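Please work from the sequences and hints to get the whole structure.
For the protein sequence lines, the chains are A and B, in the order given. When you line the first sequence up against my numbering, it's residues 1 to 300, in that order. When you line the second sequence up against my numbering, it's residues 301 to 600, in that order.
If you are wondering where the hints come from, they were derived from the structure by calculation, not from laboratory data. One or more of the hints may lead you astray.
Claimed, not checked - Simulated pairs of lysine-lysine, BS3-like, Cα-Cα distance not exceeding 30 Å:
no.: 1; chain 1: A; residue 1: Lys95; chain 2: B; residue 2: Lys395
no.: 2; chain 1: B; residue 1: Lys395; chain 2: A; residue 2: Lys108
no.: 3; chain 1: B; residue 1: Lys571; chain 2: A; residue 2: Lys50
no.: 4; chain 1: A; residue 1: Lys120; chain 2: A; residue 2: Lys219
no.: 5; chain 1: A; residue 1: Lys239; chain 2: B; residue 2: Lys408
Just so you know, these numbers come straight off a predicted model, no measurement behind them.
There are 2 protein chains.
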Amino acid sequence: MFGVTILGNNSALPAFDRHPTSQVVTIGNTILLIDCGEGTQMQLSRYRIKRSKINHIFISHLHGDHYFGLIGLLTSMGLLGREQPLHLYAPAALKQIIDLQLAVANVKLPYELLFHSLNKEEIIVDTPGFSVTCFNTIHRIECRGFFIKEKRKPRKINKDVIANYNIPTHYFDALKEGKDFIQDDGTIVPNNELTIEAPQPKSYAFCADTIYDEELPGKVNNADLLYHETTYLADHEEKAVARFHSTTIQAATIAHKAFAKKLLIGHFSSKYEKVDCFLEETAAVFNNAQLAIEGVTYLV
Amino acid sequence: MFGVTILGNNSALPAFDRHPTSQVVTIGNTILLIDCGEGTQMQLSRYRIKRSKINHIFISHLHGDHYFGLIGLLTSMGLLGREQPLHLYAPAALKQIIDLQLAVANVKLPYELLFHSLNKEEIIVDTPGFSVTCFNTIHRIECRGFFIKEKRKPRKINKDVIANYNIPTHYFDALKEGKDFIQDDGTIVPNNELTIEAPQPKSYAFCADTIYDEELPGKVNNADLLYHETTYLADHEEKAVARFHSTTIQAATIAHKAFAKKLLIGHFSSKYEKVDCFLEETAAVFNNAQLAIEGVTYLV
Numbered sequence: 001m002f003g004v005t006i007l008g009n010n011s012a013l014p015a016f017d018r019h020p021t022s023q024v025v026t027i028g029n030t031i032l033l034i035d036c037g038e039g040t041q042m043q044l045s046r047y048r049i050k051r052s053k054i055n056h057i058f059i060s061h062l063h064g065d066h067y068f069g070l071i072g073l074l075t076s077m078g079l080l081g082r083e084q085p086l087h088l089y090a091p092a093a094l095k096q097i098i099d100l101q102l103a104v105a106n107v108k109l110p111y112e113l114l115f116h117s118l119n120k121e122e123i124i125v126d127t128p129g130f131s132v133t134c135f136n137t138i139h140r141i142e143c144r145g146f147f148i149k150e151k152r153k154p155r156k157i158n159k160d161v162i163a164n165y166n167i168p169t170h171y172f173d174a175l176k177e178g179k180d181f182i183q184d185d186g187t188i189v190p191n192n193e194l195t196i197e198a199p200q201p202k203s204y205a206f207c208a209d210t211i212y213d214e215e216l217p218g219k220v221n222n223a224d225l226l227y228h229e230t231t232y233l234a235d236h237e238e239k240a241v242a243r244f245h246s247t248t249i250q251a252a253t254i255a256h257k258a259f260a261k262k263l264l265i266g267h268f269s270s271k272y273e274k275v276d277c278f279l280e281e282t283a284a285v286f287n288n289a290q291l292a293i294e295g296v297t298y299l300v
Numbered sequence: 301m302f303g304v305t306i307l308g309n310n311s312a313l314p315a316f317d318r319h320p321t322s323q324v325v326t327i328g329n330t331i332l333l334i335d336c337g338e339g340t341q342m343q344l345s346r347y348r349i350k351r352s353k354i355n356h357i358f359i360s361h362l363h364g365d366h367y368f369g370l371i372g373l374l375t376s377m378g379l380l381g382r383e384q385p386l387h388l389y390a391p392a393a394l395k396q397i398i399d400l401q402l403a404v405a406n407v408k409l410p411y412e413l414l415f416h417s418l419n420k421e422e423i424i425v426d427t428p429g430f431s432v433t434c435f436n437t438i439h440r441i442e443c444r445g446f447f448i449k450e451k452r453k454p455r456k457i458n459k460d461v462i463a464n465y466n467i468p469t470h471y472f473d474a475l476k477e478g479k480d481f482i483q484d485d486g487t488i489v490p491n492n493e494l495t496i497e498a499p500q501p502k503s504y505a506f507c508a509d510t511i512y513d514e515e516l517p518g519k520v521n522n523a524d525l526l527y528h529e530t531t532y533l534a535d536h537e538e539k540a541v542a543r544f545h546s547t548t549i550q551a552a553t554i555a556h557k558a559f560a561k562k563l564l565i566g567h568f569s570s571k572y573e574k575v576d577c578f579l580e581e582t583a584a585v586f587n588n589a590q591l592a593i594e595g596v597t598y599l600v
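Written as structure tokens, this is what we have:
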């Protein structure tokens, strides 16, 4: 499974039971948390996502609606007796805030908090199954998005076919890597007869908070699922520019230029009680978009 | 109206849709906020309490479940365009945390935040209608409770009676203060014939987080409503002591010794899904107790 579960889809001011930004990305057996607005730990409970399964947290920037829930989550993990180390990727200043908040409470976390300062556009997580690259977005303060890419899995052995040949099991790894098999008589059995190609690896790009940025498509090219904020409807483009946010049309334009397969929109301003109209506007430019709705999981 | 509305009744770990500590005290036209755990601003919305009406916030101590929601509330007040100054009474270190969080976000609040460090047991708010005294409780870190006392209102002129006398209106203030009236012929009309006594002023004591403390009754003597934490049921007294918290029986004992008229109990541990049993235990020692339930207003 590679999917994104929305915990908060609202912009700065919580309203209409919509919460500040937070998303859970499930990739195989790994759960990543992106941003952690106030109330994220309650949203995790509400949607029955186990805090203990989260080993990586990414914070895009230090506006409160993207991180005020983090310290509560970190201390709750401690109260629950967590021992597993936790990786936190965030702007450097966050460490100072967390250290100060733990110090005044005289609390020492019972697990290791491994803090990784985000400094430049680079790969920040690299595992056998996936990688995470961070990239800069243009916002009022230093802000970063995250591009999560599955790695291609090995080819799968076609058990029905290999039964017809006398292939030693120690050769199976070579088959999975795409090697042909040479029989004792010298005849070659081509790999694609013996194995099945693994599914195409997929990718999810989280573009955080950003003004409309012509350089963004180049950074998140070909994402299977692209999350782009739409704080405002198209008629508020001026306000969006002034506040370093984006409109529906701008998000859809980025998705189109980035050759995204699907677009997910969120970070709705509290001035809007209903958000259906966001989708109507986006559809005019990019026809495969969805609203980020809290509690819903969107497959990548 | 003098009442206490519960926004959060749980201890450190939010659970079973119970929230960390926060209470709203309404006294006449004034709204005071005591403690501000994560999610308080959402709880204020849920129970339709206007953020704009809060001019005084009191933070008992710097464990996260009593203040992690504060920075979100303060910045939301800013986003809503607040201009009215806001008084914040809290341990000194909180100022450093708030300043740091505003600085990294490059945010300047559009209203004046008047920070008052809590240092000793003293009157911290004194208005014509009420006063607030802070007192120390015994907890793992520096912690304070708040004793809110109405002031006696002036006596009320009995209009039916004064019509029988020729009393100049400029003398009414003296009557309200309890002065007798001397008629032209020298006869005295006693004040209690002319005026009606104002209702007895009431008081609310919020005892924050505390271990069982024999000195506490002396500090909150005769409170009409006494809030005392009951993190644990009586069978967990040892755990309560170890963590500087209290049990049902201990809270009830304090209420009894303090001659409280009513007791309100809360700060329930997340280990308990149901909390009715807290009341059953308390009743064995003090028979006028109530559970602090979120969204409910308890009259002082």
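Against the structure, the hints:
About 18 Å separates the Cα atoms of Lys95 (chain A) and Lys395 (chain B), which keeps this hinted pair within 30 Å; it holds. Restraint check for Lys395 (chain B) and Lys108 (chain A): satisfied, since their Cα atoms lie roughly 21 Å apart, inside the 30 Å limit. At roughly 17 Å between alpha-carbon atoms, Lys571 (chain B) and Lys50 (chain A) fall within 30 Å of each other, so this suggested pair holds. For the suggested pair Lys120 (chain A) and Lys219 (chain A), the alpha carbons sit about 13 Å apart, so the restraint of at most 30 Å is met.
Taking the CA atoms of Lys239 (chain A) and Lys408 (chain B), the gap is near 19 Å; set against the 30 Å cutoff, the hint holds.
The earlier numbered hints are all upheld by this structure, with none contradicted.
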